[in-house]
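First to last, the protein sequences are chains Y and Z. Residue numbering for the first sequence follows this note's numbering, starting at 1 and increasing by one per position. Residue numbering for the second sequence follows this note's numbering, starting at 1 and increasing by one per position.
The set of hints was computed from the structure by calculation and includes no laboratory data. Note that this is a predicted model, so its numbers are computed, not measured. Positions of the beta carbon are idealized from the N, C-alpha and C atoms, including for glycine. Honestly, I wouldn't trust all of these hints.
[Claimed, not checked] With the C-beta cut set under 10 angstroms, the calculated list includes, among others, these residues of chain Z facing chain Y:
no.	residue
1	Tyr58
2	Leu156
3	Ser157
4	Phe307
5	Asp353
6	Lys366
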Amino acid sequence: MAETKESKISTTALRAYVMIGVLALIWAYFHWATGSIFMTPTNLSNLATQMSVTAIIAVGMLMVIVSGNIDLSVGSVLGFAGGIAALSMTTYEFGLVPSIVFAVVVGILIGLFQGALTAYLSIPAFIVTLGGLLAWRGAVKWLLGGYTVPVSDDTFKAIGNEYILPAGGWIIAAIAIGFILFMAYRNARSVKDYGLGEANYGGEMVKAIIPIVGVIAFIWVMNSYRGIPVPVIILLGVALFGAFLTNSTTFGRYLYAIGGNADAARLSGINNKLQVLKVYALLGAFTGIAALIFTARVGSAAPDAGVLKELDAIAACVIGGASLMGGRGTVFGACIGALIMASLDNGMSLLNVRDFMQDIIKGSILVIAVGLDMFGRRGS
Amino acid sequence: MPLLEMKDIVKEFPGVRALDGVSFTLEAGEFHSLVGENGAGKSTLMKVLSGVYPQGTYEGDILIDDEVHQFRGIRDSENAGVAIIFQELSLVKELTVGENIFLGKEPSSFGVINWSELYHRTAKLLRDLNLDIDPRVQVGNLGIGQQQLVEIAKALSKEAKILVLDEPTAALTESEVETLFAILRDLKARGVGMVYISHKLNEVFEMSDRITVLRDGKTIGTHNAADLTKEKVIELMVGRSVGNIFPECHHGFGERVLEVKNLTAYSIDAANKKVVDHVSFHVRKGEVLGIAGLMGAGRTELLMSIFGAWPGKYSREVFVEGRTVNLDSPAAAIREGIGFVTEDRKRFGLILDQTILDNMTLAGLKRISGSFLTNRTRETIAANGPMKSLRVKANSPLTVAGTLSGGNQQKVVLGKWLLTNPKVLFLDEPTRGIDVGAKQEIYAEINKLAEQGLAIVLVSSELPEVLGLSDRVMVLHEGRVTGEFVRSEATPEKVMAAATGNH
């Protein structure tokens with residue numbers, strides 16, 4: 001009997017180790033194949049920046065998927081919100097802050113609208129957002145008149161292209177380490193406070209070593225190039241927020257409950273519709289943020305900005321262990337999934353793999369990854 | 001020569017020996033019941049027989065007509081004349097009755113289905129069974145009882161020599177049970193051997209020639225039904241003498257905790273059809289109110305409507321401790337102190353993929369944790385309470401709910417609602433499909449909760465359960481109250497007369 005418990009806990013942990021292992025293999029291969037270019041501070045910094053747009057959307061998408069829903073419209077919404085921000089910066093000259101606010105608010109409003117159609121009118125999410133995929137892409141083209149709108153403002157472009165000074169990086173590292181230690185202390189302390197045993201401060205501190213080393217290594221690598229890229233800082237913020245929501249709030253628990261068994265959740269007093277509405281609004285907000293980074297990085301809003309981004313985000317979630325049936329998945333997994341996808345893009349570009357080959361390989365890896373996962377699950 | 005002989009069957013799962021040398025025989029034209037607590041190995045034995053567990057995954061021999069058979073799958077066992085009707089329905093709801101019955105063996109030439117032959121053969125089959133069901137109606141539009149009868153018709157269309165029925169009456173009304181039993185008696189006369197798995201001992205004794213009791217994967221004994229009594233069978237099943245399975249208990253009642261006036265609820269499908277019609281009742285502190293009635297009497301609809309969870313239209317006035325309350329959602333009902341252990345735990349009660357802990361704290365999460373942040377430690381402490389008091393058999397609160405036995409799953413659902421700190425607890429079929437031991441524990445818990453001052457509304461299809469536990473019994477028939485009896489007046493005859501509308 002004791003076996004069941006052990007194996008259940010280790011399944012979750014095992015999945016995380018396997019994903020990190022796969023990532024390490026991919027990195028090792030590219031490092032070798034590119035003649036030691038892949039794992040240089042310059043390239044890793046690029047890689048981190050490249051993954052950020054997909055990963056930010058993937059964090060929101062993960063929560064939507066966990067609730068048993070889907071959003072196919074995020075690529076088009078990204079284009080639309082980016083177009084709004086670009087026009088606000090150039091044609092209408094509203095300035096930086098209002099333009100940022102517009103992009104995020106547009107994302108939220110679209111999320112609320114599509115979420116309401118799904119939750120309150122019971123139109124299947126797949127259909128609502130498939131319609132959104134078409135309609136918002138049309139709206140971008142209409143908005144931009146079919147042209148690319150360049151944004152020359154340097155402060156705006158900084159969102160996608162600048163770096164935090166190395167000193168700033170170390171300050172962030174210090175804050176992160178302080179936070180990790182505080183959480184370790186609190187964990188040890190709560191055991192005693194609730195009378196579950198003696199506080200094991202030493203043990204908790206040992207467990208904190210790995211994340212602390214990770215933080216230091218990450219900052220050191222980023223600072224070896226030009227510091228932490230701004231998009232990566234934003235991604236870290238979004239990912240931490242997403243992890244916090246899913247792990248530590250009633251909202252997060254309700255999402256897993258709704259995705260796991262919507263009837264049981266409803267009868268347990270959960271307002272399923274409201275939670276679904278909220279999660280779509282949240283994905284909309286993240287999509288708006290991603291749109292700003294995307295537009296700033298490219299330096300313009302284009303009618304085809306964000307095409308196929310929805311599939312990248314969904315693939316990241318699924319590679320990261322989320323179930324499209326709902327109820328299962330983690331923000332950490334989705335981020336690793338996005339990193340795996342970005343690593344493949346980056347490495348294959350370095351190797352000059354032809355475009356069409358890249359697509360074929362990425363598509364195959366998605367199917368293989370999920371296939372192996374299903375196979376493993378059946379085995380257990 | 002027996003029709004079927006299973007010899008020394010051993011079936012192991014990782015870490016568990018589910019069947020430990022079980023032997024079983026069935027004669028032609030015999031009705032042979034297989035009884036035992038959940039986990040005793042009944043379903044496993046039948047899965048070996050049907051080829052769900054193929055040859056090589058178990059030890060022992062299966063002989064049909066003295067010939068050793070080795071089944072690689074269900075197809076093989078069907079060809080050898082074995083038909084099984086599982087607990088869960090295996091019909092495709094979107095297809096018609098005829099399509100379902102002939103699924104996989106449609107009369108056809110060159111891949112083109114001969115529809116008229118299919119429906120004529122279906123009609124004949126249904127007529128032979130005295131079933132008044134249209135072969136062209138979609139299965140999803142039939143009531144659950146009729147679906148069960150279609151399932152049986154499907155099994156019979158295979159010309160089975162051996163028919164296995166796993167809890168076939170769980171969802172049937174009294175009259176449907178009678179229809180089923182008439183069919184089974186007819187089959188018996190035609191020489192079909194039947195293996196019958198059921199927790200309902202009344203039915204077992206009504207129908208059986210012989211009864212085999214399994215316990216912990218072993219055959220405890222096979223006896224002629226005439227030589228046994230219910231008490232004896234229960235004793236063999238649990239391995240100890242149980243005495244009266246309904247614990248005696250005496251408690252006084254306090255003031256009215258919940259009062260419902262003029263509750264009317266309408267069908268989801270037909271907006272003008274009343275499923276509950278002007279029902280009013282109350283329940284007092286420390287009282288167990290039983291609601292008896294047949295399937296379709298409106299019992300679940302009544303509870304769902306009070307709870308703000310009925311998907312169709314409804315209207316009612318609800319008073320909690322004398323105050324008018326507006327229960328427009330389950331959340332509001334929970335806030336006012338109503339807990340609802342819903343029927344069908346797998347569908348409405350549990351998130352099977354999640355842990356005991358996550359399931360238990362779900363309904364009371366904001367009370368336990370705080371309205372925004374969750375707190376694992378506080379949740380663990382909270383969940384440990386019911387885990388201990390209800391004696392949930394699992395090694396930790398982190399065990400996944402789907403891996404538990406039915407009885408333990410039911411305890412988790414009950415625990416979930418106790419953690420909302422209710423004043424009134426609705427129990428809808430709280431012991432369906434769980435073994436005698438777990439039933440007894442749940443009965444004891446119901447009495448304990450009532451003694452502690454909880455008001456309890458109990459819905460159950462098992463009459464002895466309602467009569468054994470309730471201080472007062474309200475009977476529904478087609479959505480109307482047709483009788484109300486205090487404990488001393490509630491006899492099975494009176495309640496059944498009211499439930500069938502003969503009052």
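Here's how the hints hold up against the structure:
no.: 1; hint: Tyr58; in the structure: 20 angstroms, violated
no.: 2; hint: Leu156; in the structure: 33 angstroms, violated
no.: 3; hint: Ser157; in the structure: 32 angstroms, violated
no.: 4; hint: Phe307; in the structure: 8 angstroms, holds
no.: 5; hint: Asp353; in the structure: 5 angstroms, holds
no.: 6; hint: Lys366; in the structure: 6 angstroms, holds
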